[in-house]
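Chemist: As a plain string of letters, each chain reads:
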Amino acid sequence: MEALANLLGGFKSALSITNLFMAFAGTLLGTLVGVLPGLGPTSTIAMLMPLTAVLSPSSAIIMMAGIYYGAQYGGSTTSIIANIPGEVASVPTLLDGHPLAQQGKAGPALGIAAIGSFVAGTLGVVLLTFFTPFLADQALRFGPPEYFGLMLLALTVMVSVSGSSIIKGLLMGAFGYLIALTGIGPESGLPRFHYGFPVLYGGIEIVTIAIGIFALGELFTSFEQGREAVTTQKIGRVFPNAQDLKQTFPAMARGGIIGFVLGLLPGCNPAVTAYISYDVEKKVSRHPERFGHGALEGVAAPESANNATSSAAFVPLLALGIPASPALAVLMGGFMIYGLQPGPLLFKTNPDLVWTIIGSMYIGNVMLLVLNLPLVGLWARLTAVPYRIMAPIIMMLCLVGAYSLRNSTFDIVMTICFGVVGYLMRKYDWPAAPVVLGSILGPILEKALVNSLAMSAGNPMIFITRPICLTLILAACALLIVSAQYIRKSKRSVTEEY
Amino acid sequence: MDKQSIGDRVAGAIFVVMGIISLVESWRLYNIRTRGVVGDDTFPFILGSAMVVLGAVLAFFPTRTRQPVTWPNGRQAARMAAGFLMLVLFSFLLPFVGFPVATFIASLGLFVTLGRFRWYMAILISAALSGIFHAIFVAWLNLPFPKGLFGV
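Line by line, the protein sequences are chains A and B.
Be aware that the first sequence starts at 1, since it is given in my numbering, and climbs by one per residue.
Be aware that the second sequence starts at 1001, since it is given in my numbering, and climbs by one per residue.
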């Protein structure tokens, strides 16, 4: 009841004209940043930090928070329309989102993404409102061994996104992880796989892999196949109907819960929750063969998960002062500029500020829906624009986005190289999703392993003696067996059919 | 032997080579490891071993598929190659001529080769595109693109 009273007070402050405008500006900018590949909320929040000199603390932080969760939604638009993941967390969305666009169903796909983001984002904020201190305590029970177990669990997703060949999927996952190994090692701080080139000390950006393989690879393939546009089918409905909503609501709820629970863990990348949610949805579906070919649930689940994760990430930030991601670390810098220290005391020393921010997150989620639903029709019609116009624009956008990562032409070159790799992968039927998954999960897995063994002085029993870790490892083994059996069954049914 | 089998065998061989490279790097890192049970060499070793084994399996037992692998014909291939070269050109030109000019030149090439627009239309669209990109990325978002020879 106390939380409800505080929340009502927060709404009163959040509904001021200035704060409403800041929430709108933040969500609009965040959506735009999410749409543009390569640009992320981190750099945008950092660029707007000087505004803290002229705005009140609550107004500035409301805007920056709006950028953060707005960006999670924006990435889905280009994923669905153009097969370009605006954020790495949007990669699972394109697995079914872009096939839907090719079938002339971009509108329902975008609409479901918007509604799923709203439902899960709001669910996340509700849980944040009432359970922040309790949830923060639970999150602290996750240490490096538990992260190791969680990453193993996430890696099993690689099998189910491998398509028809597990070996190819595993090889692509290993390839993705090998690319991510380039750069500074977590244990020694020395560079790996650099071969004397200083430009490789900084590693290879995951976004260049995603943009190159998915966007450029798709465009080269489309040109070869002589495709006129993303879709040549008549664009029918531009909004999801009641049947679509009924079909996808369970996926939204499941994605939201998975995204929120995993998002409580500091350092848990929204891409991880999106992949896991996608995999869970595929496994519980009565028709898993639809996934990868235009299943609306395949859009609803990862989009809900990554928005719930962005809400959940505020739990460790506000309650413990632990930023879950680089973007939130910059946001935390915004707090500190005002002399505010996120953590348990913030609720006591500045309750008005905290509850205003939480209140504005409800409003921001509504704004995201109101902002983006009307644009669904416009985005959907872009799928009919001829490739001869769209493709050069998309290609240039990809390269500009790649450059903006680190202001380096090396990233442009890498994007082009991965574009060629993506084209060849499509040619020879190699799965693309495991590459991105391996490149995201691999470094986290390695760091967790190194830290775990450092904790236990080299004793591997630490993974067995901690119950949460053991449970996760056993769950990973079980999921691996289930995924492998599913692939074997689907191969057998294809053989029987022919 | 169909094209898919050859493709899988070649890919398998490439992965074996990548695995060996990873194992060599792992050996280098192992020799400079100072402490701990697990070091920076551990995962390169695991990945390298996995790639060698799985790559060899794929090379000797390629997957079977009924979809033939086809390649673009002469003119199509030439257009695609030209488009690819435009992207490479952009990465080389950007530090020297600056963002707007590099964008204009590369997009002009793309609209002519892949878009098959006539020159005058391609010039108009490319000029508009580079102007819009400059407005969004440089003027509005303040991204630090190189100014190049022309100082723009």
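Accuracy of the hints is not assured; some may be wrong.
As the list claims (entries may be wrong) - Covered, in the sense of this in silico footprint (three residues per stretch, anywhere, with C-beta under 8 Å from a C-beta of chain A), are these stretches of chain B:
1) 1073-1081
2) 1104-1110
3) 1137-1144
Unchecked claim - Some chain A residues judged to face chain B by a derived CB distance under 10 Å, without partners named:
4) L7
5) L8
6) L424
Because the hints were derived from the structure by calculation, they are not lab data.
All C-beta atoms in this analysis are idealised placements derived from N, C-alpha and C, irrespective of residue type, glycine included.
Chemist: Does each hint fit the structure? Answer for all of them.
Modeler: Hints, one by one, checked against the model:
1. For the region 1073-1081 of chain B, the stated coverage by chain A is satisfied: 3 residues place a CB nearer than 8 Å to a CB of that chain, which reaches the threshold of 3.
2. Counting residues of the region 1104-1110 of chain B whose C-beta lies closer than 8 Å to any C-beta of chain A gives 3; at least three are required, and the coverage claim holds.
3. With a cut-off of 8 Å between beta carbons, the region 1137-1144 of chain B has 5 residues touching chain A; three or more are needed, and the interface restraint holds.
4. Interface hint status for L7(A): violated, as the beta-carbon distance to the closest one in chain B is roughly 34 Å, over 10 Å.
5. Interface restraint check for L8(A): the shortest CB-CB distance to chain B comes to about 37 Å, outside 10 Å, so the restraint is violated.
6. Taking 10 Å as the C-beta cut-off, the interface hint given for L424(A) holds, the closest approach to chain B being about 9 Å.
Hint compliance for this structure: hints 4, 5 are not met, and every other hint is.
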